[in-house]
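Work out the full structure, taking the sequences as your base and the hints as a guide.
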Amino acid sequence: MTTQFDKIYHGLSPEVGKFRVASSGMGWKGIDSGNVVTLEASKVKWAQWIRVARNFQLRIGLSDHTKERFDGFLREEHDKIAQLLKNHFGITLETQEAAFKGWNWGVADFRGQDLAFLVSDRTAFELPLDNVANSNIAGRTEVSLEFANLAGSSKGKLAGDEMVEIRFHVPGAASKAKDSDAGSQ
Amino acid sequence: STSGKEGKGWKKYQSYKGEGGLPDEVERLRIFVDRKAQSVILPIHGFAVPFHINTIKNASKSDEGDFTYLRINFQTPGQLAGKKEDTPFEDPDATFIRSVSYRSPDGHRFDNLVKQITELKKEANKREQQKKEMAD
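Quick note, the sequences are listed as chains H and Z, same order.
When we follow this note's numbering, the leftmost residue of the first sequence carries the number 1, and every step to the right adds one.
When we follow this note's numbering, the leftmost residue of the second sequence carries the number 1001, and every step to the right adds one.
It cannot be assumed that every hint is accurate.
Said to hold, decoys possible - Cβ-Cβ distance ranges computed for the label pairs, FRET-style:
| no. | chain 1 | residue 1 | chain 2 | residue 2 | range |
| --- | --- | --- | --- | --- | --- |
| 1 | H | S120 | Z | A1124 | 19 to 25 Å |
| 2 | Z | Y1013 | H | Q4 | 39 to 45 Å |
| 3 | Z | E1090 | H | T92 | 43 to 49 Å |
| 4 | H | H65 | Z | K1132 | 49 to 55 Å |
| 5 | Z | K1122 | H | S120 | 27 to 33 Å |
As the list claims (entries may be wrong) - Distance condition first, Cα-Cα at most 35 Å in a straight line; then the derived DSBU-like pairs of lysine-lysine:
| no. | chain 1 | residue 1 | chain 2 | residue 2 |
| --- | --- | --- | --- | --- |
| 6 | H | K67 | H | K80 |
| 7 | H | K45 | Z | K1017 |
| 8 | Z | K1061 | Z | K1131 |
| 9 | Z | K1115 | H | K7 |
| 10 | H | K80 | Z | K1017 |
| 11 | Z | K1126 | H | K7 |
| 12 | H | K86 | H | K18 |
| 13 | Z | K1061 | Z | K1115 |
| 14 | Z | K1036 | Z | K1011 |
| 15 | Z | K1061 | Z | K1126 |
| 16 | H | K80 | Z | K1036 |
| 17 | Z | K1057 | Z | K1126 |
| 18 | H | K29 | H | K7 |
| 19 | Z | K1012 | Z | K1115 |
| 20 | Z | K1011 | Z | K1122 |
| 21 | Z | K1122 | Z | K1017 |
| 22 | H | K7 | Z | K1017 |
| 23 | H | K86 | Z | K1017 |
| 24 | H | K43 | H | K86 |
| 25 | Z | K1121 | Z | K1057 |
| 26 | H | K29 | H | K80 |
| 27 | Z | K1011 | Z | K1126 |
| 28 | Z | K1017 | H | K67 |
| 29 | H | K43 | H | K67 |
| 30 | H | K18 | Z | K1115 |
| 31 | Z | K1115 | Z | K1132 |
| 32 | Z | K1057 | Z | K1011 |
Note that these hints are calculated values from the structure, not bench results.
These figures come from a predicted structure and were not determined experimentally.
All C-beta atoms, glycine included, are put in the ideal place defined by N, C-alpha and C.
In structure tokens:
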């Protein structure tokens, strides 16, 4: 039996598609392009649920340590998704709390290939470090990350406004460099 | 009742209590000024990240070639070297976002965003000034 969810996005793509779950695995198909993304059941390792801009994101961790993100799920669909993942793949849908306080201070946490910015222990956003084109330490306490022109890259067209740079102020960065926490997921 | 948790002179504020407070416009993954929540919501790699106007110092834009760049500078410690620090912080030792830059082929919209953010900042400053005068 296959369960289908409509109006789901793959990654940051502007294209909507259909997301299907069955015992053999999961799949996404773009409505306009017909592009298909498939996730085999045997490769599915974990699943997370977090609020993003386009409603809720389902992210699936795979056995090759990559992950796929699907946006556009509704709050009400959580229980249905959780049940499907449990029944078909024996995994638990883990909820990650997101931050909406509106503060610009917090903790930068390295999680594998992502840099997560946490406000009051909740995720404000995550940045994929493999998209960083250039990083720069300006002075003792400032770190800047510049992002590649994704719109013109193989990653395809992006929806919305494009962030090209973010600068962090890291007081005492030189003296208290923290170990990266690659095992946090 | 929360004053014990606040740093010297730092007043508690927040944009939204939970995800349900986010306006529908964030779905478009575009910068959005939510006047009611006194916040600017930035799209960051698919997340909708609000920043309360109190965290924002200023916004500016510049045109380069076919693109317009929008830069938002935030309040962070250590910006006022040589001056008396007049902006208190809850946790000055935290990691701060100091600035973000976006680019768009639509210069008109970015121009409009800068105006909205600047106006929101002006209103917040004015309210703060009035509060101070009332307290005197």
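If you draw a straight line from the CA of K1115(Z) to the CA of K1132(Z), is it 35 Å or shorter? holds (26 Å)
Hint check: K86(H) vs K1017(Z), CA-CA at most 35 Å. Holds or violated? Holds, at roughly 31 Å.
Under the criterion that the straight-line Cα-Cα distance not exceed 35 Å, is the pair K1121(Z), K1057(Z) satisfied? Judged against 35 Å, a Cα distance of about 8 Å means the pair holds.
Straight-line alpha-carbon gap K1126(Z) to K7(H), limit 35 Å: violated (43 Å)
Are the Cα positions of K1061(Z) and K1126(Z) separated by 35 Å at most? holds (23 Å)
Holds or violated: K80(H) and K1036(Z), Cα atoms, limit 35 Å. Roughly 34 Å between the alpha carbons, so the hint for K80(H) and K1036(Z) holds.
Hinted pair, alpha-carbon criterion (35 Å max): K7(H), K1017(Z). Please report holds or violated. At roughly 27 Å apart (the allowed maximum being 35 Å), K1017(Z) and K7(H) satisfy the hint.
Does the Cβ distance between E1090(Z) and T92(H) fall inside 43 to 49 Å? Given about 35 Å between the Cβ atoms, the range is violated.
Confirm or reject the claim that H65(H) and K1132(Z) have a C-beta distance inside 49 to 55 Å. holds (54 Å)
Y1013(Z) and Q4(H), beta-carbon distance inside 39 to 45 Å? The hint (39 to 45 Å, Cβ to Cβ) holds, given that Y1013(Z) and Q4(H) are roughly 42 Å apart.
Pairwise hint evaluation, K18(H) against K86(H), where the allowed Cα distance is 35 Å at most: With a Cα-Cα distance of about 21 Å, the restraint between K86(H) and K18(H) holds, given a limit of 35 Å.
With respect to the beta-carbon atoms only, verify the hint that S120(H) and A1124(Z) lie 19 to 25 Å apart. holds (22 Å)
Against the hints set out earlier in the document, violations occur for numbers 3, 11, 30.
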